[in-house]
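> The chain contents come next:
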Amino acid sequence: MADVLEVIGIEKKYPGVIANRNVSLHVAEGSIHSIIGENGAGKSTLMKILYGLVRPDAGHIKAFGKEVNLKSPQDAIQLGIGMVHQHFKLADNATVLENVILGSEPTRFGFVVKYDEARKKLQEIADNYGLDIDPDESLANLGVGERQRVEIAKVLFRGAKILILDEPTAVLVPQEVEELFANLRELVKKGLTVLFISHKLDEVLSIADDITIMRQGTTVASRKPKDTNKKELAELMVGGELPKPRAGALKVSEEKVLSFQGASYIRDDGRQILNDVNLDIHGGEILGLAGVEGNGQSELIELIMGLLKPSTGRVEVLGLDAATTLTKDIRNSGVAYIPQDRQRDGLLMTAPLWENRVLGHQFAEPLAKNIWVNKGAAVEDSKRVVEEFDVRTPGVNVLASALSGGNQQKFIVGRELSGDPKLIVAAQPTRGVDVGAQAIIWDHLMKARSAGAGVLLVSADLDELFSLSDRIAVIYNGSIVSVLNPSKTTPDALGLAMTGAKSA
Amino acid sequence: MTRSRLFWGTIAPLAAILNSLLLVYLILKFRGVDPIEMFKLMASYGFDPRNLVSELNQTVAYYMAGVAAAIGFKMLLFNIGIDGQYRMGAFFGGVVGAAVNLPPILHVVVIIITAMLAGGLWAAIAGYLKVKRGVNEVISNIMLNFIAAAIIAFLLSPSLLGILPEGSQTLQTREIPASGRMPTIKAFEGEIYTFFFIALVVGVAYWVMLNKTVFGFNLRATGLSFRAARASGVNAPRMIFITTVLSGAIAGLVGIGTLLSDTHSYSMAFPAGYAFTGLSLALLGRNHPVGIFFAAFLWSFLERSAPVLEFEGVPPEIVIVMQGTIVLSIVVAYEVVARINLRQQQRAVGSVNVESPVAKEAN
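Just so you know, the protein sequences line up as chains A and B, in that order. Each residue of the first sequence is one higher than the one before, starting from 1 at the first, in our numbering. Each residue of the second sequence is one higher than the one before, starting from 1 at the first, in our numbering.
Next comes chain A alone, as it looks inside the complex:
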């Protein structure tokens, strides 16, 4: 098959930084082409170049057989190159149809929107590519997976022949990922081409026809999925062997570090979010909490941290009643908290790293001394975290927002594991981070376990749950529906339990 998109020797320099150098890429028509690489490997820069957001300093791009010069996204769209962004750009208070046509409305006399025509065209696209969307549904009613389909429809509506998807699965739960993949397969069957950026190797192996690996701003290798495996891809991405989590023997202590005793939580609007949860975690074990997002995990965590109070029942954290203990006292007693939404709950984005090191540890020594913040200690310990967790930053005075997501996460994990916590609440600790960072984070969680800490690992990533957990509890619709032994269960069985099916 002919190459529908060809990139030769692309180079992009920012002062002091080479974002892309000697990048070459050949994308066959009607294929799904994956580009993988660590956070900061230059994938995003390359995609911005292909979408006309950034102009390269050198190199050539050929699309549909012709040399092109992309000055703006408009040029790219004109050519038939569309981009589905990782963070959706949709208006909540409009309908699906309105969102799709926004900015390229078919009009009569230049100002009357031809809704009927647009609806017909959208319906055709939906039917043609098997996209399950209702043009008149209000966007506010849609879930993440459906929103993504709207984004894809938006791009197709503008006549795109090449779709660039920037980490499309980062926000999806396993079921939604399957639906997305089915959609993508349908698209390529109809002759479209998909560029798929990711760092999740399993997904790439299952969906891609071709894989190009990027490292430090350049394309280092290409593989076909059938000729490679996860380990090789990971090593190509990282440029060396990955550290392995050291499991060590299970040494569970007598002490309960966390205990849910019939805890329920009913929201202000009367909805029952958590229902009679009973759960114990002892020191030295990792309890995985599996579940599709939105089944009460967030509230369960907030009960532990004292941010919510149970409606009935009791939550004991290190022997303290979480309902009557201040969050700061819960933290001070030795609870580490790795929040799911790191940018909103875990970081002060516009504050320097060393201040972010203080966050959550500002109520006790060594980072606080009486009424004073101990800046010296904070700076020193930030440097230690940067070193130990391989946070890629030029220093600890850099703003948190300047770091890539994976490096932010490594910093948060490093911060939270400081001071030998007794209970670690880790929510999606490796979501959106690359394999290298994942390995580091897993390794440190394992070390904390060996050191006697109890870990509550809330995750939707089956791989992670199986790799780390000593026991896996499944939460569905606010109830713990089963507690499984990972060595005696299969990913399929766990996946089934997560959807609420009664386990055998």
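Simulated from the structure, these hints should not be mistaken for laboratory data. Please read all numbers here as calculations on a predicted model, not as lab measurements. Any given hint might turn out to be false.
Dumping the calculated DSBU-like pairs for lysine-lysine here, alpha-carbon to alpha-carbon at most 35 Å [stated by the list, open to error]:
(1) A/383 x B/74
(2) A/13 x A/71
(3) A/71 x A/224
(4) A/369 x B/74
(5) A/383 x A/13
(6) A/328 x B/186
(7) A/422 x A/226
(8) A/13 x A/66
(9) A/48 x A/161
(10) A/383 x B/212
(11) B/132 x A/369
(12) A/328 x A/256
(13) B/132 x A/375
(14) A/375 x B/212
(15) A/89 x A/71
(16) A/309 x B/74
(17) A/369 x B/40
(18) A/66 x A/226
(19) A/200 x A/226
(20) A/375 x A/309
(21) A/256 x A/422
(22) B/132 x A/328
(23) A/189 x A/224
(24) B/132 x A/309
(25) A/89 x B/132
(26) A/328 x B/74
(27) A/375 x B/74
(28) A/309 x B/212
(29) A/89 x B/74
(30) A/13 x A/62
(31) B/74 x B/212
Pair ranges (Cβ atoms, derived) [said to hold, decoys possible]:
(32) A/221 x B/21: 54 to 64 Å
(33) B/339 x A/492: 41 to 51 Å
(34) B/136 x A/376: 38 to 48 Å
(35) A/447 x B/212: 32 to 42 Å
(36) A/140 x B/316: 46 to 56 Å
C-beta atoms are modelled at their ideal positions from N, C-alpha and C, and glycine is treated no differently.
Using the hints provided, position chain B relative to the given structure of chain A.
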């Protein structure tokens, strides 16, 4: 790092002031007067020692308003209620000061504390409404400004707390006795309020509190991200309430320099409009005590020297145009600087990524 921050932090206000001068230059040119002559005239009048003294005294009041606004800004609070808080502070400071009989220094201390309490408690209403009832502080504060003015006007009636001195048209509180007054420093035929030094102490205390203490850390953290602060263990709603009260307490000091060193009584003649000025100054001074001080001085300098333009047939309102354009330009300039800074940092981060330890191994 710090040097470049200082550079960018200084260049932005300077650019804003230059931009505003340029605009005023064009306006004056359009009116057919020589702009350079006008600027010279303003400068020579404004830097006249006698005028400098009164500018300095006005600076002190503006400075307090600026610091009060800055504390609010750090919490993303828009304290438009400074006007009402300042009135409450000055009024009750005046009333209590005249009512009690105490030894000299203690008397002044009592007045200052009363003013802070009055301003803080008045702000507490808006703080409570925001935290407990979700009322936007801008709305409640604007209304509280009117209510404060009305309450004071009511209490100033001669049958209650006010008096109408012979030959005067303006109601006022009783005079504070000598023991409750603050001395002035005689300079250039004028008198500098010694409250100036207290204002400086407040500025320094504000900075130390904000940047060095755990309380200040929690305050800033809550302002930067309510959710992250809460997750870290800060009682964020309580923090918002306390910050509102603190901002109000400092706003309560706005009129104290005049009260203790000049008028010795609160009257209906105390000027209004400190809220907008305070917010502008905090913006211009970037919530930094030194920056706010320069901004406050610039404001009083411009206002003091404006009337001289009238002799040349130029309406003094040109100064308001100048202040307005400065504030507008500064907002733009700071945004530009913030973006430049972030881009520089991202570049620095990017270069680390390319030279990562793993990379060296692989090559």
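> Does each hint hold? Answer for all of them.
Okay, the hints, checked on the actual structure:
no.	hint	in the structure
1	A/383 x B/74	holds (27 Å)
2	A/13 x A/71	holds (17 Å)
3	A/71 x A/224	holds (32 Å)
4	A/369 x B/74	holds (23 Å)
5	A/383 x A/13	holds (28 Å)
6	A/328 x B/186	violated (52 Å)
7	A/422 x A/226	violated (44 Å)
8	A/13 x A/66	holds (25 Å)
9	A/48 x A/161	holds (17 Å)
10	A/383 x B/212	holds (20 Å)
11	B/132 x A/369	holds (32 Å)
12	A/328 x A/256	holds (20 Å)
13	B/132 x A/375	holds (34 Å)
14	A/375 x B/212	holds (8 Å)
15	A/89 x A/71	holds (21 Å)
16	A/309 x B/74	holds (29 Å)
17	A/369 x B/40	violated (53 Å)
18	A/66 x A/226	holds (31 Å)
19	A/200 x A/226	holds (16 Å)
20	A/375 x A/309	holds (34 Å)
21	A/256 x A/422	holds (10 Å)
22	B/132 x A/328	holds (21 Å)
23	A/189 x A/224	holds (19 Å)
24	B/132 x A/309	holds (18 Å)
25	A/89 x B/132	holds (34 Å)
26	A/328 x B/74	holds (22 Å)
27	A/375 x B/74	holds (20 Å)
28	A/309 x B/212	holds (33 Å)
29	A/89 x B/74	holds (30 Å)
30	A/13 x A/62	holds (21 Å)
31	B/74 x B/212	holds (15 Å)
32	A/221 x B/21: 54 to 64 Å	holds (59 Å)
33	B/339 x A/492: 41 to 51 Å	holds (49 Å)
34	B/136 x A/376: 38 to 48 Å	holds (40 Å)
35	A/447 x B/212: 32 to 42 Å	holds (34 Å)
36	A/140 x B/316: 46 to 56 Å	holds (53 Å)
In summary, the numbered hints that this structure violates are 6, 7, 17.
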